[in-house]
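**Q** Respectively, the protein sequence lines represent chains A and B.
Our numbering applies: residue 1 is where the first sequence begins, and numbers increase by one.
Our numbering applies: residue 1 is where the second sequence begins, and numbers increase by one.
Heads up, a few of these hints could be off.
What the hints assert, rightly or not - Example chain A residues on the side facing chain B (calculated, C-beta under 10 Å, incomplete):
(1) 32
(2) 93
(3) 97
(4) 110
(5) 214
(6) 215
(7) 217
(8) 276
(9) 313
(10) 330
(11) 331
(12) 376
(13) 429
(14) 431
(15) 432
Treat the hints as calculated values from the structure; they're not laboratory data.
Each residue gets a CB set at the ideal place from its N, CA and C atoms; glycine is no exception.
2 protein chains.
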Amino acid sequence: MSDLAPVLARLEAGHDRTLAELTAFARIPSVSTDPARAADVRAAAAWVAARLEAAGPLTVRTLPTPGAPVVYAEWLGAPGARTVLIYGHYDVQPEDPLEQWTSPPFEPAVRAGRLYARGVSDDKGPMLIPLVVAEAFFAERGRLPVNVKFLIEGEEEIGSRHLEAFLREHRELLRADAVLSADGAMWRADEPSLAVASRGLAALELTLTGPAKDLHSGRHGGSVANPLHALARLVASLHGPDGRVAVRGFYDRVRELPAAERAEIAALPFDEGRYLAQVGAILPVGEAGYSTLERQWTRPTLEVNGMWGGYQGPGSKTVVPSQAHAKITCRLVPDQDPGEIARLVAEHLEGHVPPGVRLAVVTGHGAPAARTSRDHPVLQAAQAALEETFGVRPLIVRMGGTLPVAELFQRLLGLETVYFSFSTGDEDFHAPNEFFRLERLHQGLAAWARLWERLGR
Amino acid sequence: MSDLAPVLARLEAGHDRTLAELTAFARIPSVSTDPARAADVRAAAAWVAARLEAAGPLTVRTLPTPGAPVVYAEWLGAPGARTVLIYGHYDVQPEDPLEQWTSPPFEPAVRAGRLYARGVSDDKGPMLIPLVVAEAFFAERGRLPVNVKFLIEGEEEIGSRHLEAFLREHRELLRADAVLSADGAMWRADEPSLAVASRGLAALELTLTGPAKDLHSGRHGGSVANPLHALARLVASLHGPDGRVAVRGFYDRVRELPAAERAEIAALPFDEGRYLAQVGAILPVGEAGYSTLERQWTRPTLEVNGMWGGYQGPGSKTVVPSQAHAKITCRLVPDQDPGEIARLVAEHLEGHVPPGVRLAVVTGHGAPAARTSRDHPVLQAAQAALEETFGVRPLIVRMGGTLPVAELFQRLLGLETVYFSFSTGDEDFHAPNEFFRLERLHQGLAAWARLWERLGR
Numbered sequence: 001m002s003d004l005a006p007v008l009a010r011l012e013a014g015h016d017r018t019l020a021e022l023t024a025f026a027r028i029p030s031v032s033t034d035p036a037r038a039a040d041v042r043a044a045a046a047w048v049a050a051r052l053e054a055a056g057p058l059t060v061r062t063l064p065t066p067g068a069p070v071v072y073a074e075w076l077g078a079p080g081a082r083t084v085l086i087y088g089h090y091d092v093q094p095e096d097p098l099e100q101w102t103s104p105p106f107e108p109a110v111r112a113g114r115l116y117a118r119g120v121s122d123d124k125g126p127m128l129i130p131l132v133v134a135e136a137f138f139a140e141r142g143r144l145p146v147n148v149k150f151l152i153e154g155e156e157e158i159g160s161r162h163l164e165a166f167l168r169e170h171r172e173l174l175r176a177d178a179v180l181s182a183d184g185a186m187w188r189a190d191e192p193s194l195a196v197a198s199r200g201l202a203a204l205e206l207t208l209t210g211p212a213k214d215l216h217s218g219r220h221g222g223s224v225a226n227p228l229h230a231l232a233r234l235v236a237s238l239h240g241p242d243g244r245v246a247v248r249g250f251y252d253r254v255r256e257l258p259a260a261e262r263a264e265i266a267a268l269p270f271d272e273g274r275y276l277a278q279v280g281a282i283l284p285v286g287e288a289g290y291s292t293l294e295r296q297w298t299r300p301t302l303e304v305n306g307m308w309g310g311y312q313g314p315g316s317k318t319v320v321p322s323q324a325h326a327k328i329t330c331r332l333v334p335d336q337d338p339g340e341i342a343r344l345v346a347e348h349l350e351g352h353v354p355p356g357v358r359l360a361v362v363t364g365h366g367a368p369a370a371r372t373s374r375d376h377p378v379l380q381a382a383q384a385a386l387e388e389t390f391g392v393r394p395l396i397v398r399m400g401g402t403l404p405v406a407e408l409f410q411r412l413l414g415l416e417t418v419y420f421s422f423s424t425g426d427e428d429f430h431a432p433n434e435f436f437r438l439e440r441l442h443q444g445l446a447a448w449a450r451l452w453e454r455l456g457r
Numbered sequence: 001m002s003d004l005a006p007v008l009a010r011l012e013a014g015h016d017r018t019l020a021e022l023t024a025f026a027r028i029p030s031v032s033t034d035p036a037r038a039a040d041v042r043a044a045a046a047w048v049a050a051r052l053e054a055a056g057p058l059t060v061r062t063l064p065t066p067g068a069p070v071v072y073a074e075w076l077g078a079p080g081a082r083t084v085l086i087y088g089h090y091d092v093q094p095e096d097p098l099e100q101w102t103s104p105p106f107e108p109a110v111r112a113g114r115l116y117a118r119g120v121s122d123d124k125g126p127m128l129i130p131l132v133v134a135e136a137f138f139a140e141r142g143r144l145p146v147n148v149k150f151l152i153e154g155e156e157e158i159g160s161r162h163l164e165a166f167l168r169e170h171r172e173l174l175r176a177d178a179v180l181s182a183d184g185a186m187w188r189a190d191e192p193s194l195a196v197a198s199r200g201l202a203a204l205e206l207t208l209t210g211p212a213k214d215l216h217s218g219r220h221g222g223s224v225a226n227p228l229h230a231l232a233r234l235v236a237s238l239h240g241p242d243g244r245v246a247v248r249g250f251y252d253r254v255r256e257l258p259a260a261e262r263a264e265i266a267a268l269p270f271d272e273g274r275y276l277a278q279v280g281a282i283l284p285v286g287e288a289g290y291s292t293l294e295r296q297w298t299r300p301t302l303e304v305n306g307m308w309g310g311y312q313g314p315g316s317k318t319v320v321p322s323q324a325h326a327k328i329t330c331r332l333v334p335d336q337d338p339g340e341i342a343r344l345v346a347e348h349l350e351g352h353v354p355p356g357v358r359l360a361v362v363t364g365h366g367a368p369a370a371r372t373s374r375d376h377p378v379l380q381a382a383q384a385a386l387e388e389t390f391g392v393r394p395l396i397v398r399m400g401g402t403l404p405v406a407e408l409f410q411r412l413l414g415l416e417t418v419y420f421s422f423s424t425g426d427e428d429f430h431a432p433n434e435f436f437r438l439e440r441l442h443q444g445l446a447a448w449a450r451l452w453e454r455l456g457r
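If we strip away everything but chain A, and leave its shape as in the complex, we get (with noise of 0.2 Å):
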């Protein structure tokens, strides 16, 4: 076996230029979800190309999709070695409300050991690591100590839309012995963490409409349905006073957490104030019978993301407006189907519109809840890479958020995923004024590094 030390010593003495690197990619806004912006998303996946032509002799194909292309590379130069999926992406969220920004959101600024920009650390951080770590095997060694294929796709922010079909199309070519996500967040800031498990999607639109037109609600009013009225009165439908989510046949498939497990969680060293202050919140609020941990990552919820009619403006514009509209995405546990809690919420909807009022919903994109095996090797080295980096053993957890790629690497191409993300969950990404720690870049280059080393032993 060789030595890391020269390795790491590389990626140590690397950092200033992998921050700049960092910097000049998180200044593409390749929000994926706007399609004013997909001059910018393709923008970003010719950076991402660039940067692993420019790490070693990887074989480098930007390779399309209906929508952005998947940039492709392989090394396969270790045969008998392990082979494994490299998953990460390029597309970021949308940035308002860019008024809650402290610096703007696509011009990267440091502040007290972190970097602030949309999409730093979901996921161009930690998408960035394994490139730099590869390119430092490749200066010290010429070579990798494991296969790995590099798969960034530029569509995660909007349900990873084009992915199924990509991966049905290049089974062959994505033949692995595991996927490494470099998404998926840790929990803590000040542990390492592992999550084994990570909650579905299910996503609608709904639009009420009253009267045709916006009417003036002096002459109007009170005479004819408000459509704001029925959106509340249908909104607050959603849930029981016991914050369950009132849909029949919502919770008919989800399974009761083992004991164990409920224990498991129970035994993590979790501070309910802190973490309450942290988010700024005055009390917990959710799912009776359930603590906060179990809620947010073993029970499915719904929640309104979006809600708007009528006049916003300054001063008062007295109208009855003619729409009213929601967004709304459910998390789902393992066994809910994604489609049919999107028609059990559609069909509650239905069942529940307001007299006077019209409805009209649309299906967004969902994805199934996703588990990873205990026992899995691979796992298994990651655990031992983070002890190694952090000097304490990695905690255990699952994740609230939706991973939607794990559930098709399993599906059509029976690799189970190692989450093995430098980000941290409270780093601000979805909301104004996300940040990537710079500790956590240095700690993943190492981990990286590290783990690959034991994959190849």
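Once you've looked at the hints, dock chain B against the given chain A.
**A** Then chain B, alone, in the frame of chain A:
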């Protein structure tokens, strides 16, 4: 008594010029609720002052207020004759949603006998009529049949917020026998009408704050309060299943309508099906136990005019937003006090805040309901002038909307208000594609001339 025919002929001959003037006036985007349009509001005041100067030997003054100025003009050359105070406003409602306008809101366009632009019906068209009529009398006779004082304000669409202090300050200047309001809208396009009552107004805006910042709904969803869910519950709590406002004390001062007045309203020619088709509503919706006209004219209401929070853009953004907002206005009937109603609604909101969110309420402008005496001589002259112009006796109706100035004129100047407006209630003021019927411009010019002539006898 002089012959009115030459005045009427002159008004008839000047129609094209009057339309061109209205078009120029309507090009000024004098949106009083938008601080960015303050210069446009001032430009509209200057336009009105110049038009009054051009009309003849009126004394014109632009009188400051802490907000938009009042344009005042007087001609008092008919000693012994009545003096009427003519009210109108040069400010307009905001134009959004802009994308629903067929032609741009501040580029007036004539289509099928209607002039389309923001403010042409409310109140620039109706307000221009008495100025043009004054000019015709001066041109034909060198004098008017009655003494007139014009009071044209620029803050009607934001609750005439400086008019009360203005009326107190200029009480002597504004002495008159009655107010003739060029604002107020006729009930129907096919029959003349005179309104003898209008509803009052109480306005509030509320903000609910959950977490201190927008949170990822995957990681945090289901464990902290979502202010959109809380807003839905709070708004839904404002009405009962019978359509009544569920705020304690809301109806305490509301007197039941006398049977005779209910019968008068029931006898009016009103086709509910046709009305619903006009506004594109599928059902009448409102307080149980009252007809549509009773709901619009004689019952108090609470309407949400705008509601928003979270992500509204294309695609999805999975957030639990930090804040949710709503704008509310109540329409009031006689004896309800705007301040008391705003307080009762605020108390209801405070008493119904769901756990985990904080409420902030801001009270906006208010105005009590107003009524006009049926036997007022100016009302009777207005009835006669309308009958002479339209060939049928005008209907006696009420207004669902609010003209807070009528209450101010009554309380501060001791004057009753007669609504003599030639806009029509269906002309989409406060909505996209506001229009003014050109036929009503003709009819209004003749009717104002006849009214002044009668008042001068």
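**Q** Decide, hint by hint, whether the structure agrees.
**A** Going through the hints against the structure:
1. About 8 Å separates the beta-carbon of residue 32 (chain A) from the nearest beta-carbon of chain B, less than 10 Å, and the hint is met.
2. A cut of 10 Å between beta carbons decides the hint on residue 93 (chain A): the least distance to chain B is about 6 Å, and the hint holds.
3. Interface hint at residue 97 (chain A): satisfied, since its Cβ lies 7 Å from the closest Cβ of chain B, which is below the 10 Å cut-off.
4. Annotation: interface hint on residue 110 (chain A) violated; nearest CB of chain B at approximately 21 Å, more than 10 Å.
5. Satisfaction of the interface hint for residue 214 (chain A) is found here, the shortest Cβ-Cβ separation to chain B being roughly 4 Å, below the 10 Å cut-off.
6. Using the Cβ-Cβ criterion of 10 Å, the hint placing residue 215 (chain A) at the interface with chain B is satisfied: the shortest such distance is roughly 6 Å.
7. The beta carbon of residue 217 (chain A) comes within 4 Å of a beta carbon in chain B, closer than 10 Å, and the hint placing it at the interface holds.
8. Below 10 Å, beta-carbon pairs count as interface contacts, and residue 276 (chain A) has one with chain B at about 7 Å; its hint therefore holds.
9. With its C-beta approaching chain B no nearer than about 6 Å, residue 313 (chain A) sits inside the 10 Å limit, and its interface hint holds.
10. Taking 10 Å as the C-beta contact cut-off toward chain B, the hint placing residue 330 (chain A) at the interface holds, the least distance being around 9 Å.
11. With a cut of 10 Å, the hint placing residue 331 (chain A) at the interface with chain B holds, because the nearest CB-to-CB distance is about 6 Å.
12. Here the hint on residue 376 (chain A) is broken, as its CB sits about 23 Å from the closest CB of chain B, past 10 Å.
13. At its closest, the beta carbon of residue 429 (chain A) sits 6 Å from a beta carbon of chain B; the interface hint therefore holds under the 10 Å criterion.
14. The closest approach between the C-beta of residue 431 (chain A) and any C-beta of chain B is roughly 4 Å, which is under the 10 Å cut-off, so the hint is satisfied.
15. Here the hint on residue 432 (chain A) is kept, as its CB sits about 7 Å from the closest CB of chain B, short of 10 Å.
In summary, the numbered hints that this structure violates are 4, 12.
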